[in-house]
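First to last, the sequence lines map onto chains A and B. If you use our numbering, the first sequence closes out at 309, no skipped numbers anywhere. If you use our numbering, the second sequence closes out at 1373, no skipped numbers anywhere.
Simulated from the structure, these hints should not be mistaken for laboratory data. Small disclaimer: the values here were computed from a predicted structure and weren't measured. Even glycine gets a Cβ: it sits at the ideal position worked out from N, Cα and C. Some hints could be false.
[Stated by the list, open to error] Simulated crosslink set (DSS-like; lysine-lysine; CA at most 30 Å straight-line): (1) K1053(B) / K1040(B); (2) K1040(B) / K241(A); (3) K289(A) / K1248(B); (4) K1040(B) / K130(A); (5) K1015(B) / K1053(B); (6) K1053(B) / K241(A).
[What the hints assert, rightly or not] Going by beta-carbon spacing under 10 Å, a handful of chain B positions derived as facing chain A: (7) Q1158; (8) Q1160; (9) H1164; (10) Y1169; (11) G1244; (12) S1245; (13) P1306; (14) T1338; (15) V1340.
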Amino acid sequence: MGASGSGKTSMRSLIFSNNPASLTARLGATIDVEQNHVRFLGDLILNLWDCGGQDAFMDSYLTTQRSTIFQHVGVMIYVFDVETRGMSKDLEYYRECLEGLQQFSPDAAIFLLVHKMDLAREPKNTTFDKKKKELQEASGEASVTVFGTSIYDESLYKAWSSIVHTLIPNAAVLSKHLTTFAGACSATEVILFERTTFLVIATSSPLSPPGQSGSPVDDIDAHQLDPTRYERTSELIKAFKHSCSRVREEFHSLEMELHNFTAVLDEMTKNTYVLIIVHDPTIETAALKLNIRMARRKFEELQGDSLIS
Amino acid sequence: NGHRTASSDAVTRTKILLLGLRRAGKTSIQQVLFNNLPPKQTFYLETTMRTVKHAFDTVIPLEIWDCPGNITVETLGAPLSHFSTMIFVIDIRDLYNNPISKLVEFIVAAYRENPNMSLEVFVHKAEKLQEDDKIENFRQIHERVSDRLLDISPEYEQIQLNFHLTSVYDHSLHEAFSKVLHKLVESLPYLEDLLNVFCANSQSPKAFLFDTTSRLYIATDASPVDSATHNLCCDYLQMLNSFGSLYKSATPHSRKPLPFTPPPSASSTSSLSPVPPRSSSSTSPGTPTSSTTRLTPHPSKDLFYPSAATSLHPSTPGTTLTYHLITSQLALLALLPTSVYEGRRGLLEFNVVFFREGVQEICEVEKETRDGR
Ligand SMILES: Nc1nc2c(ncn2[C@@H]2O[C@H](COP(=O)(O)OP(=O)(O)OP(=O)(O)O)[C@@H](O)[C@H]2O)c(=O)[nH]1
Ligand SMILES: Nc1nc2c(ncn2[C@@H]2O[C@H](COP(=O)(O)OP(=O)(O)O)[C@@H](O)[C@H]2O)c(=O)[nH]1
Ligand SMILES: [Mg+2]
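Starting from the given sequences, assemble the full structure and let the hints guide the process.
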């Protein structure tokens, strides 16, 4: 949901169709509701409703189509243009949507995206914080999660990874097994991505507090890795996948032995990719690749379990 | 942006002149190529008021003169004979008299003073036009310049002019500037030979020697350059450059040669002993059995050279794109059959080492001749 021109269709085409940001300028206004089924993690099917934001459509969502629109909603994502001229009208529609949601899908998670942050007035942080406060006030009792996003940087992947995370039944179990796997690889950390969107599904969790010995996993806190690394990895790989598709190739895997770390990115299961980050210079990529191969079956099983439950 | 002049350091720099009307895109070109400025950010560049000299070190040390739009041969501040290359930037929509006259004026002056200078025309901001208009404007600019030169003197027919379509928003700028650079590298034939040998011995259909920061290629093998492959290599380099800092650890881990300790029961052929991850949840966490996969360190490696590979197709016969750092700023990018990459790694690494030694030697010689001058 969100006003016309706020950027809903643009973000959908970036995340789910691997289109570059530069092509979004060609998108026309969405007429009525565009429904999309995206297969996510194999058997989990996301049913995306991209609701055209022109007033006439909004009015009809809130009246005649009300039950159709607001029934069986798992997540509502409401997009606000950060530099909108009509904030009071946006808020009015937003409040009415909240009411509709509370009536028909009271358990739905709510995400608010303050979008086009690349155009936000400087200082951007202040602009965002002000917007966030305003939105939280407008949400009343409802619990909402607010992100600042732009299709021109990694912020979009951060927000969407967090959104899909709420839809994966047992992400915690995946995380636990990734941690074990990281240990077996002497890895600093291991990250699991969904195959087509490259959104982060789960990561290994740092095991030992500093000083505690015996753990095979490098202590991740000691490395002080860049806090934006997950979403930036998604963005980088998505961009490179797009480059590959332009020459009619298909990105398949990547291994790197760089100055600062060693990494392997490869298929884990049919629907996921795994990235292993190692800071121990004696570990070779070939060994990591072999470990991935041997872990595949286990993760296929886990994934099957997670979707049945 | 400081005024880094050649006099501040001892080396003789190869000078490149960047000319064109104001707002043609000269500063954008310089910044996107050599300062990693994202193309979208060029919008905020301010008009250049005074000539700015940018030093850039690659196989050869370069000095790029970014000139203001109103500069003339007289106000340039150096004789044209000091420059190896003149790049004239012209907006693809500028079919009018003024930019073309200015261009012709410089060409004539350059040709008189220094007939050996390479004369390059960047028909710029090409992405602004649709394909048909793009070709048509390009053709018209080319034709008008030639006609004008002939009008002045029939003798000018023999001036060798090179036209390129460029834009900061795609890879055309990198490809065009690479071609400009090739004419300046005296050791190019030797680098090309090394690349040809590498390709032949490694079954590689295409290999480039890239400058890693500017993503310009310094040399390639004899097979024709296909733009799509070139673009993919540029994008690959950009991704690797960005990855490099992303997972950088605050605690330094040495890549220096490690003390050589042979593994307990190692035979020379099987030091690889991967261990599967614990596959059932019944194992209590922290059991010391989850041992690690370790290989013996490479013996007596003086320096660590980063490398990477990406496989571009899941099935055989797939292609793998490899990256090997050759000197601190040059990298070898090669397309290889995945079967060669996976099945004959040793041979590949050997060929890379051989190639690296050759390139390093050539760079040494380049440096010595320059310092000696
Ligand atoms: N600067 C900037 N522009 C954006 C961003 N996201 C989208 N846009 C642009 O905003 C315009 C409108 O985007 P759409 O995705 O069609 O908007 P929409 O919300 O789907 O609009 P309706 O379908 O009418 O409801 C396009 O020209 C996009 O290129 C962003 O993050 N930054
Ligand atoms: N569309 C497009 N605009 C460009 C391109 N290169 C530069 N520009 C724009 O042209 C304007 C002038 O660029 P600038 O580099 O300052 O020109 P200079 O005066 O020749 O140095 C800037 O607004 C740039 O964003 C290009 O390839 N395509
Ligand atoms: Mg839309």
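Comparing the hints with the structure gives:
Under the criterion of a C-alpha separation no larger than 30 Å, the hint pairing K1053(B) with K1040(B) is consistent with the structure, at around 23 Å. For the hint pairing K1040(B) with K241(A), the CA-to-CA distance comes to about 21 Å; that is within 30 Å, so the pair holds. For a cut-off of 30 Å, the pair hint linking K289(A) to K1248(B) stands: about 21 Å separates their Cα positions. Our distance criterion of 30 Å between C-alpha atoms is met by K1040(B) and K130(A), whose separation comes to about 27 Å.
Taken as a hint, the K1015(B) and K1053(B) pair is honoured in the structure, with Cα atoms around 9 Å apart against an allowance of 30 Å. Restraint check: the Cα-Cα separation between K1053(B) and K241(A) comes to about 37 Å, which exceeds 30 Å; the hinted pair is violated. The closest approach between the C-beta of Q1158(B) and any C-beta of chain A is roughly 39 Å, which is over the 10 Å cut-off, so the hint fails. Checking Q1160(B) against chain A: minimum C-beta separation of about 32 Å lies over 10 Å; hint violated.
Interface restraint check: H1164(B) against chain A, minimum CB-CB distance 21 Å, threshold 10 Å, status violated. Given the 10 Å rule on beta carbons, the hint for Y1169(B) holds: about 8 Å separates it from the nearest Cβ of chain A. The closest approach between the C-beta of G1244(B) and any C-beta of chain A is roughly 5 Å, which is under the 10 Å cut-off, so the hint is satisfied. A hinted interface residue such as S1245(B) counts as satisfied when its beta carbon comes closer than 10 Å to some beta carbon of chain A; here the least separation is about 7 Å, so the hint holds.
At about 5 Å, the closest approach between the beta carbon of P1306(B) and any beta carbon in chain A falls short of 10 Å, and the interface hint on this residue holds. A least Cβ separation of about 9 Å between T1338(B) and chain A falls short of the 10 Å threshold, and the interface hint therefore holds. With a least beta-carbon distance of about 16 Å to chain A, the hint placing V1340(B) at the interface is violated under the 10 Å criterion.
Consistency with the previously given hints fails for numbers 6, 7, 8, 9 and 15, ordered from lowest to highest.
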